[in-house]
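K.L.:
We have chain A already, so just place chain B on it with the hints.
For the protein sequence lines, the chains are A and B, in the order given. Residue numbering for the first sequence follows my numbering, starting at 1 and increasing by one per position. Residue numbering for the second sequence follows my numbering, starting at 239 and increasing by one per position.
Just to be clear, a hint being listed does not mean it is correct.
Unchecked claim - Here are a few chain A residues that face chain B, going by a calculated C-beta distance under 8 Å:
hint, residue
1, L72
2, I114
3, P202
4, T218
Unchecked claim - Chain A stretches covered by chain B per the calculated footprint, using a threshold of three residues with CB under 8 Å from any CB of chain B:
hint, region
5, 22-28
6, 120-134
Claimed, not checked - Derived Cβ-Cβ restraints for the label pairs, each shown as a range:
hint, chain 1, residue 1, chain 2, residue 2, range
7, B, R374, A, G134, 47 to 57 Å
8, B, W292, A, A17, 24 to 34 Å
9, A, A143, B, F248, 33 to 43 Å
10, A, G134, B, L355, 29 to 39 Å
11, A, G184, B, F441, 26 to 36 Å
12, B, Q361, A, A143, 49 to 59 Å
13, B, C368, A, G134, 39 to 49 Å
Honestly, the hints are just simulated from the structure, not real lab data. A virtual CB, placed ideally from N, CA and C, is assigned to each residue, including glycine.
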Amino acid sequence: MVPFLELMGFGPRGWGAAMLAAAAMTLAVSVAGFLLGGVVGSLIAWAKIAGKRLVRVLADGYTTVLRGVPDLLVIYLFFFGGSAMVTAINRDWFGGQGFVPVPAFLVGMLAVGIVNGAYQAEVFRGGYLAVPKGEIEAARAFAMTRAKMFRRIVAPQVARFALPGLGNCWQLCLKESALISVTGLLELLRQAQIGAGSTRQPFEFYLAACVLYLAITTVSGWGFAFAERRTRRGVARA
Amino acid sequence: MDPAFILEAFLRILPGVPLTLQLAALSLAAGFVLAIMLAGMRLSGIAPLNAIAWTWIFVFRGTPLLVQVFLIYYGLPRFVRGTWAWPYLREPWWCALLALSLNTAAYTAEILRGGFLAVPRGQIEAARACGMSGFRLLRRIVFPIAIRQAIPGYGNEMILMVKATSLASIITLMEITGLAQKLIAETFRAIEVFVVAGAFYLFLNFVITRAVLAVEFWLSPHLRDAPDREAILRPALANVH
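One chain only, chain A, in its complex shape (with noise of 0.2 Å):
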């Protein structure tokens, strides 16, 4: 049994290096559906604001079923139904043979960002709807048009209501990308079950992974407080 510290060294025994690369890898896959959840987010919030009935309807139940359902099936749905209709596609309009899988890293920024989009929404919406009404009708009486008035307005004051909650979002990003590891993805979860799998030591390598999330979570949770910190410059405390 190889002492811990050796385990997750960077000596010829230790999988350091690996596990390293692996946090990147949970990192990347979370900024990046972060970042998509954030593009349908605010798109599914312009929608229950501003859209006519039937959109309203159709962005409510996105945000119902996709807050509703556990990650775990959202996965399996990218993950199973994902080949399937890429394999469908090649078939039938590509003349194509044979099963063609989608990748890993694909499958798990759809499946993180299409359901931090429906977190996002609910955050953005609220932002939103803290703007104070006043500022909106003053910006009409400078005439602003509406392209303008988001962009010195509304933007801004939402993009700081919603910091907080964005917070959280992420939070929830990082968290749910664990559990693109059964897609295979080598990520941080992924490598330590392979470590443990080849060394036999579960336990060293679930602990490391839990020190590199507990580092990961805690150092952007200083981010966003910093981030915090400075959009509420100028700003009054009640």
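P.N.:
Relative to the frame of chain A, chain B by itself:
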């Protein structure tokens, strides 16, 4: 979308519902008891107790639940083999339950702590002035107010736990997601199976949401409008004429 297959999927996944409910209910119950202890430690003002509870909450909220499940299921056996705990930790059911309970305890403790901090100081002072102290003060004044404050947050946690039970499928337990995954692997009809399994979770969560709203309504009579006196008196007045 083939109705015959949807029905088949429904019948194949239905047997997983009891296990999902069992894991969610037992871990919520065990987690709640632990959470009261943790919240108490956080608020005790005793530095070592506060530090222990803070660390617990920091670790369990800062790492993915799946890592915690693996750490318990694969990592602990080395330390408990041959002890009294081994017959339990050998079973995936107990490991899943343990991981879910410890995890929800951390989240629930913070929800409860928020509830306790929201108890107005004046209420406690008034209770002390009436001669209440210790457990009686907790039971009559602090708990009812704190619990009522914490209900919306706790409702969210209950829904998260129902969803979190899906991770038990990764350590071989055949609950809703486990059966769904097996069915997808057999038939490659991911969309239909997703719709059916998702509908089960949405139904469970819908029932929980309604129940939590009902409890919240029942516990906040003081926030509702006063009843319409005339409407109450109308039958009586009708008899007068």
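K.L.:
For every hint, state whether the structure bears it out.
P.N.:
For each hint, the structure was consulted:
{"no.": "1", "hint": "L72", "in the structure": "5 Å, holds"}
{"no.": "2", "hint": "I114", "in the structure": "12 Å, violated"}
{"no.": "3", "hint": "P202", "in the structure": "4 Å, holds"}
{"no.": "4", "hint": "T218", "in the structure": "7 Å, holds"}
{"no.": "5", "hint": "22-28", "in the structure": "violated (count 0)"}
{"no.": "6", "hint": "120-134", "in the structure": "violated (count 0)"}
{"no.": "7", "hint": "B/R374 / A/G134: 47 to 57 Å", "in the structure": "50 Å, holds"}
{"no.": "8", "hint": "B/W292 / A/A17: 24 to 34 Å", "in the structure": "32 Å, holds"}
{"no.": "9", "hint": "A/A143 / B/F248: 33 to 43 Å", "in the structure": "58 Å, violated"}
{"no.": "10", "hint": "A/G134 / B/L355: 29 to 39 Å", "in the structure": "33 Å, holds"}
{"no.": "11", "hint": "A/G184 / B/F441: 26 to 36 Å", "in the structure": "31 Å, holds"}
{"no.": "12", "hint": "B/Q361 / A/A143: 49 to 59 Å", "in the structure": "52 Å, holds"}
{"no.": "13", "hint": "B/C368 / A/G134: 39 to 49 Å", "in the structure": "46 Å, holds"}
Hint compliance for this structure: hints 2, 5, 6, 9 are broken, all remaining hints hold.
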